[in-house]
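Chemist: Could you build the full structure based on these sequences and the hints that come with them?
Respectively, the protein sequence lines represent chains A and B.
Counted from 1, the first sequence has number 300 at position 300 by our numbering; the numbering is strictly sequential.
For any residue, its number in our numbering is found by taking its place in the second sequence, counting from 1, and adding 1000.
These aren't lab readings, by the way, just hints derived from the structure by calculation.
A virtual CB, placed ideally from N, CA and C, is assigned to each residue, including glycine.
Wrong hints could be hidden among the right ones.
Some but not every residue of chain A turned toward chain B, in silico, with C-beta under 10 Å [as the list claims (entries may be wrong)]:
1. E60
2. V195
3. S196
4. A199
5. N203
6. S224
7. V225
8. F251
9. R298
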Amino acid sequence: MNPFLQIHQLGKSFGAPAGLLPTAWAALRRRQAAQPPRVHAVNGVSLDVQRGEIVGLVGESGCGKSTLGRLVAGLIEPSSGDVRIEGQPLLHGGPTSVHRQVQMVFQNPYASLNPRRRIVDTLTEAPVHHGIVPRAGARVHAAELLETVGLDASYLDRFPHQFSGGQRQRIAIARALAMQPQLLVCDEAVSALDVSVQAQILNLFLDLRESRGLTYLFISHNLSVVEYLADRVAIMYLGRVVELADTATLFAAPKHPYTQALIADAPRLDARATSYQPIQGELPSPLKPPTGCSFHPRCPVALPRCKTEAPALAEIAPGHLSACHLSASDVHQPAAIHVVAPPASLRSVA
Amino acid sequence: MSSGLPLLTVDGLTTRFRMPQGAVTAVNDVSFELQPGRILGLVGESGSGKSVTALSLLNLVDKPGQVDARAIVFKGEPLHRASPSRWNALRGDRIALVSQDPMMSLNPVIRIGEQLVETIRIHRRLSAADARRIAIDALERVGIPAPVERMQAWPHELSGGMRQRVAIANALVNQPDLIIADEPTTALDVTIQAQILYEMKRLARDSGTALIWITHDLAVVKDLADELCVMYAGRIVERGPVAELIRAPRHPYTRGLLDSLPHGRSAGGRLTPIRGAAPPLSRLPAGCAFAPRCPRAAAACGEPPPLSSAGGREFRCVRPL
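Modeler: What follows is the structure, given as structure tokens:
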């Protein structure tokens, strides 16, 4: 059986923001025709997602995870590669029957709902337009949607400002469900919520997967949330997937040094004390990505080879892919890097 | 716990906002003590009053807000009676603030170095050259590479993580006794957050600066703070040493917060969220504000719960865990 969602060699590049004075100056000084620099926000990403699967997409700001989500939702056009839903290409201007399989839930429910429209209008506009429900039955449909996401059907005639953040996010989810999609792209969908409300929404996502067989591309920077929810996790760095594995494997035995650093740096409540041996430096500018492996300037175990040769994303164990020269060989002992006890001086502070 | 004279004693801090619909009490009878070099975590969800507590402690609450307290004593000085000019001398010198968004706290049209030097020379009679040396040293301490060159940078030339370090350096330059940090790492990526947490912990250890660290994320303060205050609807509902409080919370709200946090795999199981949502401060229930959401609520919760304390722990609950 074909995977439900196929992402093949997907790429998206943007021109650098124009009109910035320093850029113009530099171009003038060099007396060269300004070749607008391009940012490869997503660079050759391939990923298959099975029906009913939750795939977590994790990375720091600027890694391209939101751009990838928007490409999958068909909101922007890819520069290269393609996205297929049930084998059918998702094309701009292509048949809406493919597009409507994918809906999106955004981070900020204060921005994603039109403040001047009643909930019933927000929930019924798209399905009526696409002929999913007749206009006459739209209100009943909307009422059912509200009940699906755990809200009272009597809220239909209210406006967004009458709801709390968690309730608004439920409405945003109901709006996505109104098109009867198969795939939800959730872009930081619980990041703006308080933890007590976040837990309610995470439970709702799991309930919807059971009741509707939904598939999820779940974009988040929050590792605990992804570890809890996802079946598989893809780690992104500077536009590329650097590691992909099932969740248990990825968190128990991460292979890529960047994944290891992310997991070690994420604060956690359970027994393991965060060691605070942070990786150094910051994400390089995507306008000037480093040569070779893009992580090498921050990598604690980089080899001379990493500066010149970009590692390919390769299968190092069944279903476990990593883009690192070291994970391919046996030289690398993953546990050795980050399970470092804090210096005694630090521990004595606590 | 309490050895020697506390750096800061807060007793009965209450901040009200007079609104057309009536007064809203954003901070309600908050009391705590802080020793030099210690880190206090102030944890709560949005609207719990943690940020207003920070602003109240810095006397930065504007009208229609009104701050009252039985006492706020800082290094033996009663701050609740301090004059505006005294406050200007204290803020940025003895007590510094680090806010969530460094784009708000740094002036976008003044170079980094100038801003740091200004913070120093407003409070101390120093030559520009000496102030510059102190500023460069502060940038170096917060882990900014090439600090001499960075002095010339504009805020927009730096990344979010670097800007937040500059804001922290700005808080450090006068070696304050107390830094109040309001969600300073919330907007940052985890690898940058880890670097900053590491530096803050080192700072408290090395220079004896006390920290009040405000956050919504219990996991962030777990390894950072010595003591935690959990706030709900304007009140501190539980207070105690971090490890004990997280291992065995007494207040059902703290328990609910901990249970809401995902850890490990779901394996098909569900989280245990707190039901409902926090009540608006303008319509708080008569008794315990958490009672309508509390799984342990009983008739006795209709009365405001008194503060109970036992073994260095404090909580406001008549049916504690």
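Chemist: If a hint holds in the structure, say so; if it doesn't, say that too.
Modeler: Here is what the structure says about each hint:
1. E60: With a minimum Cβ separation of about 4 Å from chain B (threshold 10 Å), the hint on E60(A) holds.
2. V195: holds, 5 Å
3. S196: Where the cut-off is 10 Å and the nearest Cβ of chain B is about 4 Å from S196(A), the hint holds.
4. A199: This interface hint holds because 4 Å falls under the 10 Å limit.
5. N203: Holds, about 5 Å.
6. S224: The hint holds - S224(A) has a Cβ within 10 Å of chain B, the shortest such distance being about 5 Å.
7. V225: holds, 6 Å
8. F251: Holds, about 8 Å.
9. R298: holds, 8 Å
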